[in-house]
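Order-wise, the sequence lines are chains L and H.
Take the first sequence: its letter number 34 is residue 34 in the working numbering, and every next letter is one higher.
Take the second sequence: its letter number 10 is residue 10 in the working numbering, and every next letter is one higher.
Quick caveat, the hints were computed from the structure, so don't treat them as lab data.
Hints should not be assumed to be uniformly reliable.
To be verified - So the derived label-pair ranges between C-beta atoms look like this:
id: 1; chain 1: H; residue 1: Ser14; chain 2: L; residue 2: Glu57; range: 37 to 47 Å
id: 2; chain 1: L; residue 1: Thr113; chain 2: H; residue 2: Thr72; range: 36 to 46 Å
id: 3; chain 1: H; residue 1: Glu66; chain 2: L; residue 2: Pro81; range: 45 to 55 Å
id: 4; chain 1: H; residue 1: Gly99; chain 2: L; residue 2: Gly16; range: 33 to 43 Å
id: 5; chain 1: L; residue 1: Arg111; chain 2: H; residue 2: Ser70; range: 36 to 46 Å
id: 6; chain 1: L; residue 1: Gln17; chain 2: H; residue 2: Leu114; range: 36 to 46 Å
id: 7; chain 1: H; residue 1: Glu64; chain 2: L; residue 2: Gly3; range: 16 to 26 Å
id: 8; chain 1: L; residue 1: His10; chain 2: H; residue 2: Thr72; range: 37 to 47 Å
id: 9; chain 1: L; residue 1: Pro81; chain 2: H; residue 2: Ser70; range: 41 to 51 Å
id: 10; chain 1: L; residue 1: Leu84; chain 2: H; residue 2: Thr52; range: 41 to 51 Å
id: 11; chain 1: H; residue 1: Leu7; chain 2: L; residue 2: Gly3; range: 26 to 36 Å
As the list claims (entries may be wrong) - Pairs of lysine to any residue residues, derived as SDA-like cross-links and limited to a Cα-Cα distance of at most 20 Å, are as follows:
id: 12; chain 1: H; residue 1: Lys58; chain 2: L; residue 2: Thr103
id: 13; chain 1: H; residue 1: Lys112; chain 2: H; residue 2: Ser9
id: 14; chain 1: L; residue 1: Lys41; chain 2: H; residue 2: Gly99
id: 15; chain 1: L; residue 1: Lys41; chain 2: H; residue 2: Leu111
id: 16; chain 1: L; residue 1: Lys44; chain 2: H; residue 2: Ser9
id: 17; chain 1: H; residue 1: Lys58; chain 2: L; residue 2: Tyr105
id: 18; chain 1: H; residue 1: Lys49; chain 2: L; residue 2: Gln96
id: 19; chain 1: L; residue 1: Lys54; chain 2: L; residue 2: Thr20
id: 20; chain 1: L; residue 1: Lys44; chain 2: H; residue 2: Thr107
id: 21; chain 1: H; residue 1: Lys112; chain 2: H; residue 2: Arg22
id: 22; chain 1: H; residue 1: Lys112; chain 2: L; residue 2: Lys54
id: 23; chain 1: L; residue 1: Lys41; chain 2: H; residue 2: Gly43
id: 24; chain 1: L; residue 1: Lys41; chain 2: H; residue 2: Ser26
id: 25; chain 1: L; residue 1: Lys54; chain 2: L; residue 2: Asp24
id: 26; chain 1: H; residue 1: Lys49; chain 2: H; residue 2: Lys68
id: 27; chain 1: L; residue 1: Lys44; chain 2: H; residue 2: Glu88
id: 28; chain 1: L; residue 1: Lys44; chain 2: H; residue 2: Gly99
id: 29; chain 1: L; residue 1: Lys51; chain 2: L; residue 2: Tyr74
id: 30; chain 1: L; residue 1: Lys44; chain 2: L; residue 2: Gln55
id: 31; chain 1: L; residue 1: Lys78; chain 2: L; residue 2: Val89
id: 32; chain 1: L; residue 1: Lys44; chain 2: H; residue 2: Thr100
id: 33; chain 1: L; residue 1: Lys44; chain 2: L; residue 2: Glu68
id: 34; chain 1: L; residue 1: Lys44; chain 2: L; residue 2: Glu57
id: 35; chain 1: L; residue 1: Lys51; chain 2: L; residue 2: Thr103
id: 36; chain 1: L; residue 1: Lys44; chain 2: H; residue 2: Ser98
id: 37; chain 1: L; residue 1: Lys78; chain 2: L; residue 2: His10
The beta-carbon is built from N, C-alpha and C at its ideal position, and this holds for glycine as well.
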Amino acid sequence: EAGVTQFPSHSVIEKGQTVTLRCDPISGHDNLYWYRRVMGKEIKFLLHFVKESKQDESGMPNNRFLAERTGGTYSTLKVQPAELEDSGVYFCASSQVQVTSGTQYFGPGTRLTVL
Amino acid sequence: AQSVTQLGSHVSVSEGALVLLRCNYSSSVPPYLFWYVQYPNQGLQLLLKYTTGATLVKGINGFEAEFKKSETSFHLTKPSAHMSDAAEYFCAVSSPTSGTYKYIFGTGTRLKVLA
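Build out the structure end to end from the sequences listed, making use of the hints.
Structure, rendered in structure tokens:
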């Protein structure tokens, strides 16, 4: 069974540009989460999808961040326009609550550097 | 609100010595507790978890952790460190009553194993 995949693995952009991160969850997992780790800090929750619906987006930093989950499958996280403080590693995770007691399975992350 | 504290951002042990990584949590409801490990250039891998039942949980690679409600702790241990254990370890808490099961992470502990 394929794990959670994320693309790209690295992205280097300039301030003001747009970047789109993609996450493909484990097949059959209805729950999809985005997290971010800024260097030296803890991994922080950004938002949670159940299928295609946003269940909790309380961690989204501001309206420059837009997350979507098309048809309840893969998800994208767009940052527009990017700022220096957006640099960090963005993790995606998925779970099937009824089966895994909320255990989340993580992708390898996308390292975003904003210059 | 939930929170997690990991004491020691860096821990060094000799090969063959006991590994003890500390995690204390704060939660107003019975939590679910997790330990994840991140090896260089990889994603987060689940080591073990506590949801309900037996308070001593065993995980992969010889690690175990004990849930102590009275001490609000979930420390991770391994009797004998191996060079391959060098990685960053994250403790996380989630609430089964929150509806989202989102994780609150500690700041991580980087384990170094000395030959």
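The hints, checked one at a time:
1. H:Ser14 with L:Glu57: 37 to 47 Å: holds, 45 Å
2. L:Thr113 with H:Thr72: 36 to 46 Å: Given range 36 to 46 Å: holds, Cβ gap about 37 Å.
3. H:Glu66 with L:Pro81: 45 to 55 Å: With Cβ atoms ~48 Å apart, the hint holds.
4. H:Gly99 with L:Gly16: 33 to 43 Å: At roughly 37 Å between Cβ atoms, L:Gly16 and H:Gly99 fall inside 33 to 43 Å, so the hint holds.
5. L:Arg111 with H:Ser70: 36 to 46 Å: holds, 40 Å
6. L:Gln17 with H:Leu114: 36 to 46 Å: holds, 43 Å
7. H:Glu64 with L:Gly3: 16 to 26 Å: Since the Cβ atoms of H:Glu64 and L:Gly3 sit about 24 Å apart, the hinted range of 16 to 26 Å holds.
8. L:His10 with H:Thr72: 37 to 47 Å: Taking Cβ atoms as reference, L:His10 and H:Thr72 lie about 38 Å apart, which means the hint holds.
9. L:Pro81 with H:Ser70: 41 to 51 Å: holds, 50 Å
10. L:Leu84 with H:Thr52: 41 to 51 Å: holds, 44 Å
11. H:Leu7 with L:Gly3: 26 to 36 Å: The hint (26 to 36 Å, Cβ to Cβ) holds, given that H:Leu7 and L:Gly3 are roughly 31 Å apart.
12. H:Lys58 with L:Thr103: holds, 15 Å
13. H:Lys112 with H:Ser9: Holds - the C-alpha atoms of H:Ser9 and H:Lys112 are around 11 Å apart, at most 20 Å.
14. L:Lys41 with H:Gly99: At roughly 26 Å apart (the allowed maximum being 20 Å), H:Gly99 and L:Lys41 break the hint.
15. L:Lys41 with H:Leu111: holds, 17 Å
16. L:Lys44 with H:Ser9: holds, 17 Å
17. H:Lys58 with L:Tyr105: Roughly 18 Å separates the two Cα atoms, so the pair holds.
18. H:Lys49 with L:Gln96: OK: H:Lys49 and L:Gln96 at ~15 Å, within 20 Å.
19. L:Lys54 with L:Thr20: Cα-Cα ~18 Å, so holds.
20. L:Lys44 with H:Thr107: Measuring from Cα to Cα gives roughly 10 Å; hence the hint holds.
21. H:Lys112 with H:Arg22: Answer holds: H:Lys112 to H:Arg22 is near 15 Å, not above 20 Å.
22. H:Lys112 with L:Lys54: violated, 39 Å
23. L:Lys41 with H:Gly43: Holds, at about 17 Å.
24. L:Lys41 with H:Ser26: OK: L:Lys41 and H:Ser26 at ~19 Å, within 20 Å.
25. L:Lys54 with L:Asp24: Judged against 20 Å, a Cα distance of about 16 Å means the pair holds.
26. H:Lys49 with H:Lys68: Holds. H:Lys49 to H:Lys68 sits at ~13 Å (cutoff 20 Å).
27. L:Lys44 with H:Glu88: Answer holds: L:Lys44 to H:Glu88 is near 16 Å, not above 20 Å.
28. L:Lys44 with H:Gly99: Roughly 18 Å between the alpha carbons, so the hint for L:Lys44 and H:Gly99 holds.
29. L:Lys51 with L:Tyr74: Judged against 20 Å, a Cα distance of about 10 Å means the pair holds.
30. L:Lys44 with L:Gln55: holds, 16 Å
31. L:Lys78 with L:Val89: holds, 14 Å
32. L:Lys44 with H:Thr100: Holds, at about 14 Å.
33. L:Lys44 with L:Glu68: holds, 19 Å
34. L:Lys44 with L:Glu57: holds, 12 Å
35. L:Lys51 with L:Thr103: Roughly 17 Å separates the two Cα atoms, so the pair holds.
36. L:Lys44 with H:Ser98: holds, 16 Å
37. L:Lys78 with L:His10: holds, 15 Å
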